[in-house]
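Enquirer: Chain order of the listed sequences is A and B.
Residue numbering for the first sequence is 1 to 474, as defined by the working numbering.
Residue numbering for the second sequence is 1 to 435, as defined by the working numbering.
No lab work stands behind these hints, which were simulated from the structure alone.
Just so we're clear, the structure is a prediction, and the values are computed from it rather than from any experiment.
All residues carry an ideal CB built from backbone N, CA and C; glycine is no exception.
Keep in mind that the hints are not guaranteed to be accurate.
[To be verified] Facing chain A, according to a computed beta carbon distance under 8 Å, are these residues of chain B, among others:
hint, residue
1, Ala-200
2, Leu-294
3, Phe-298
4, Thr-304
5, Ser-306
6, Gln-333
7, Asn-337
8, Ala-340
9, Met-344
10, Val-394
11, Gly-395
12, Leu-410
13, Gln-414
14, Leu-424
15, Ser-427
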Amino acid sequence: MLADTKLRARMGVMVTLVSALALSACTTTGGSGDPASASAKSDDKEFAATPAGDPVFASTYKPFPNVATALTGATVYDGKGGKIENGTVFFSGGKIVAVGGPDTPIPADIAVFDGTGKFVTPGIIDIHSHLGDYPSPGVEAHSDGNEATSPTTPEVWAEHSVWPQDPGFSRALANGGVTALQILPGSANLMGGRSVTLKNVPARTVQGMKFPDAPYGMKMACGENPKRVYGGRGRMPSTRMGNFAVNRETWLSAIDYANDPKAKRDLGKETLVGVLKGEILIHNHCYRADEMALVLDMAKEMGYKVSTFHHAVEAYKIGDLLRENDVCSAIWADWYGFKMESYDGILENAAFLQREGACVVIHSDDQNDIQRLNQEAAKAQAAGLRVGINIPDATVIQWLTHNAAKAMGIDDMTGSLEPGKMADVVLWNGDPLSVYSRPEKVWIDGALMFDAMNPKTRPVSDFELGQPGEGDVK
Amino acid sequence: MKRLLTLAASALALSTPAMAQDVTITNARLVLGDGSAPIDNGTVVVQGGTVVYAGPASGAPAGGTAVDAKGAWVTPGLFATVTTLGLADVSAVGETNDITARGTPFSAALDASTAINPTSQHILVHRAAGITRAATTTMPAGSIFAGQGAIIDLDGDPRPVMQARAFQMINLGEGGADRAGGSRVAAHALLRAALREAQALVGKTGIPETTEIAKDDEVFLGRFDAEALVPVVTGRQKLYVAVDRMADIRAVLALKAEYPRLDLVLVGATEGWLVANEIAAAGVPVIANGLIDLPETFEQLGATQSNAGRLAKAGVKVAINAATLQDPRRLQQVAGNLVALTRMPGASGMDWGKAFAAISSVPAEISGMGGKAGVLKPGALGDVVLWTDDPLEVGSVPTRVFIGGVEQDLTNHQTRLRDRYIDLDESDRPKAYDW
Chain A
1 MLADTKLRAR
11 MGVMVTLVSA
21 LALSACTTTG
31 GSGDPASASA
41 KSDDKEFAAT
51 PAGDPVFAST
61 YKPFPNVATA
71 LTGATVYDGK
81 GGKIENGTVF
91 FSGGKIVAVG
101 GPDTPIPADI
111 AVFDGTGKFV
121 TPGIIDIHSH
131 LGDYPSPGVE
141 AHSDGNEATS
151 PTTPEVWAEH
161 SVWPQDPGFS
171 RALANGGVTA
181 LQILPGSANL
191 MGGRSVTLKN
201 VPARTVQGMK
211 FPDAPYGMKM
221 ACGENPKRVY
231 GGRGRMPSTR
241 MGNFAVNRET
251 WLSAIDYAND
261 PKAKRDLGKE
271 TLVGVLKGEI
281 LIHNHCYRAD
291 EMALVLDMAK
301 EMGYKVSTFH
311 HAVEAYKIGD
321 LLRENDVCSA
331 IWADWYGFKM
341 ESYDGILENA
351 AFLQREGACV
361 VIHSDDQNDI
371 QRLNQEAAKA
381 QAAGLRVGIN
391 IPDATVIQWL
401 THNAAKAMGI
411 DDMTGSLEPG
421 KMADVVLWNG
431 DPLSVYSRPE
441 KVWIDGALMF
451 DAMNPKTRPV
461 SDFELGQPGE
471 GDVK
Chain B
1 MKRLLTLAAS
11 ALALSTPAMA
21 QDVTITNARL
31 VLGDGSAPID
41 NGTVVVQGGT
51 VVYAGPASGA
61 PAGGTAVDAK
71 GAWVTPGLFA
81 TVTTLGLADV
91 SAVGETNDIT
101 ARGTPFSAAL
111 DASTAINPTS
121 QHILVHRAAG
131 ITRAATTTMP
141 AGSIFAGQGA
151 IIDLDGDPRP
161 VMQARAFQMI
171 NLGEGGADRA
181 GGSRVAAHAL
191 LRAALREAQA
201 LVGKTGIPET
211 TEIAKDDEVF
221 LGRFDAEALV
231 PVVTGRQKLY
241 VAVDRMADIR
251 AVLALKAEYP
261 RLDLVLVGAT
271 EGWLVANEIA
281 AAGVPVIANG
291 LIDLPETFEQ
301 LGATQSNAGR
311 LAKAGVKVAI
321 NAATLQDPRR
331 LQQVAGNLVA
341 LTRMPGASGM
351 DWGKAFAAIS
361 SVPAEISGMG
371 GKAGVLKPGA
381 LGDVVLWTDD
391 PLEVGSVPTR
401 VFIGGVEQDL
411 TNHQTRLRDR
421 YIDLDESDRP
431 KAYDW
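Here chain A stands alone, though its shape is the one from the complex (with noise of 0.2 Å):
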């Protein structure tokens, strides 16, 4: 429950430390045309950043060493409501090159695994993570999920505190078939700031984990969180009418510079601007229907759009009104009553948003339930079911896979199992909808990353090491 009770034990000073480690890379990363570096003063030399907008901190993330593979005999779930029974998945060179029934055709002399009485999906992909920001161990020092110093930061980038050791990442791989996650700024403030995608494979650093071409998100928070911890510092916002006010003149500003040839470079500015041009999506942490209802005629009102709501709780109340306008609820199955607007909370309301039409996302905001974000979307769907909602199993599938790509923005290039896409998949030993099964194999752009079979696929990260249980299963 990042987001919400933990939040104001980890909103206490923190504390930069500038590591021997980080020095030293400072001062090799600096290349001969790297004004920015300069101290001393030239006369003769123009200062100039990277001009916003052309991309930094970019990825340096390429696909591990694969080979080409099948997996056949298998139940295949295709990520977009297609359920293929003795099915075939053949990738290579990191992108899936075929799906289909057991006639599909295969080259000899590759990897064949058979998946007889296993189940094949796309890699799982988690909206809502806080991963490396709020990492293991949840000590103070590590604390850097939410600038929440003002109400508004959305200068501020997730991945520049994204830990690459958080153990978190390796958890999620082998345990719930994470192949892609969403690391979002935290909920004490009405707009956190920029989330960053990433791929789930270890690296030295978060380039090394960055997803290549993926849109930024925008955190924005309704609700209780900025009024609590504004109004609780005696500021403004202290109301929800409050929440509201700040946000427009945030927008009616960020209209002002985007309008404003002379305006001054502003790095919040810039993230607005992003959003208002459909650049960057908004990820909304909003629990209430009405407050919802709020927030997409204040899109409108902007120029924005909503991609998706998260922990929207009381989504099922307004099914219809989030079908029109294109919006996923990303959701658990069965939090509730832990705090005041989540007092309504229902296990149906997956099934309720998919009676409507309306777009439906299993997400997490957990360390822990992101390895089993399977089974979260099966009591979501045995809910349903008791009140006349047969969801097919391919469709609840959709809710981990495609349908969360596509509320980030990569659904052209995972999410789904489909010829060209990256070949991002798990192997299940069972039927993922159960609780009885795990991941067996978890293969991100065609490499295999983990084995349940061989200890020594399972990740280990920097921090475990010499530590009980180093390598263990966990």
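Dock chain B against the given chain A, drawing on the hints supplied.
Expert: Frame of chain A, contents of chain B only:
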């Protein structure tokens, strides 16, 4: 659009005391809860609120209302420990929260049984999830002592408390260190000082001196707290100790040498697997974190989902801890995951019967309700649950719940919202008229 509203009528049943009925449930996929495998075509007979028979159909006495389970899973009610059920409406809404009291000078003297609210929505929701009994307690605030927990039932009648002051709980890990002033050493000193005072109060050793152990305006132990620890130090009340680190577990086990009458229970014990044999040899049961597998703190570096399974294999009595779950109703999911681990190379889990027992009979035994709760056998309380599916499978929920032989109303705030929003039709009237 009018469909499930008939359920609303049963909400009224809450206000009228229900009577235990004699029931015979037949054709069940019957789970006894004692660790054994399910029995097909099983029968349960409840008379006068008590189980008189549970086993194969042959040999069952006749009598009472006949319920044909039609092959459905039938189990004892789940027993949840450690919980805060009945002590808060909305935990983040302070005025509804009786779990912690930051401003009180009392700690060990706190008695959860004085404030259990049997109509709390959490109790109604968890009853509908098949939990029929629970250990519930306040949590530590200003001292290492959480207070005295109670064993409760979830039947919603005016008497939720089965046993008041059933256990005292303390924290001797990072949490306790923080509350004792900043170190584990301080926490251990406070514990020993407190136990010494309790011993003195019963004339064991020393002279009762208790005025107060305090620093500034923080009271760590007052006279009433010391008195509340008398049953702990004399072994009449269990002492639950929340610890995770291997070294901390050893320090707790070592307390037995100083205070031989302590009736210890370990809670959490994330690194318990590293000292499983020592815990087993000490005969101390564990209410273990089930699925914690991250070093969320420095006292959980060795965290693994195999902890419970490895402890059980070493011979430790292991129940699954509800306290670290999103809600206690996730106990069934944790138990199911322990079964899943039995299929993973290198992992330790539990077979189905043992996993179920870890959320039924074992926590009941640890809570002093052995043979009475979490189990179906003659003499046990008539807590019987019929399920939609395998009760350890995610998504499986009870269809009928009996507590002490009384069939329970399974409606609550959530089911009423479900019924209202089964559609979004407001063409006639707003939703507020739909109830």
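Enquirer: Determine for every hint whether it applies to the structure shown.
Expert: To see whether the hints hold, each was checked on the structure:
1. At a threshold of 8 Å, the smallest CB-CB gap from Ala-200/B to chain A is about 37 Å, leaving the interface hint violated.
2. Below 8 Å, beta-carbon pairs count as interface contacts, and Leu-294/B has one with chain A at about 4 Å; its hint therefore holds.
3. At a threshold of 8 Å, the smallest CB-CB gap from Phe-298/B to chain A is about 6 Å, leaving the interface hint in force.
4. Interface restraint check for Thr-304/B: the shortest CB-CB distance to chain A comes to about 5 Å, inside 8 Å, so the restraint holds.
5. With a cut of 8 Å, the hint placing Ser-306/B at the interface with chain A holds, because the nearest CB-to-CB distance is about 6 Å.
6. A distance limit of 8 Å between C-beta atoms decides the matter here; for Gln-333/B the minimum to chain A is near 6 Å, and the interface restraint holds.
7. Against a cut-off of 8 Å between C-beta atoms, the interface hint on Asn-337/B holds, since the closest Cβ of chain A lies about 6 Å away.
8. Checking Ala-340/B against chain A: minimum C-beta separation of about 5 Å stays under 8 Å; hint holds.
9. Proximity of Met-344/B to chain A holds as hinted, the smallest CB-CB distance being about 6 Å (cut-off 8 Å).
10. For Val-394/B, the suggested interface contact is upheld, since its CB lies about 5 Å from the closest CB of chain A, less than 8 Å.
11. This hint holds: Gly-395/B has a C-beta 3 Å from the nearest C-beta of chain A, less than the 8 Å allowed.
12. Of the supplied interface hints, the one on Leu-410/B is violated, with its beta-carbon coming no nearer than about 12 Å to a beta-carbon of chain A, more than 8 Å.
13. Interface restraint check for Gln-414/B: the shortest CB-CB distance to chain A comes to about 5 Å, inside 8 Å, so the restraint holds.
14. With a cut of 8 Å, the hint placing Leu-424/B at the interface with chain A holds, because the nearest CB-to-CB distance is about 5 Å.
15. For Ser-427/B, the interface hint is violated, the least distance from its beta-carbon to any beta-carbon of chain A being 12 Å, above 8 Å.
The structure is inconsistent with the numbered hints 1, 12, 15, although it conforms to all the rest.
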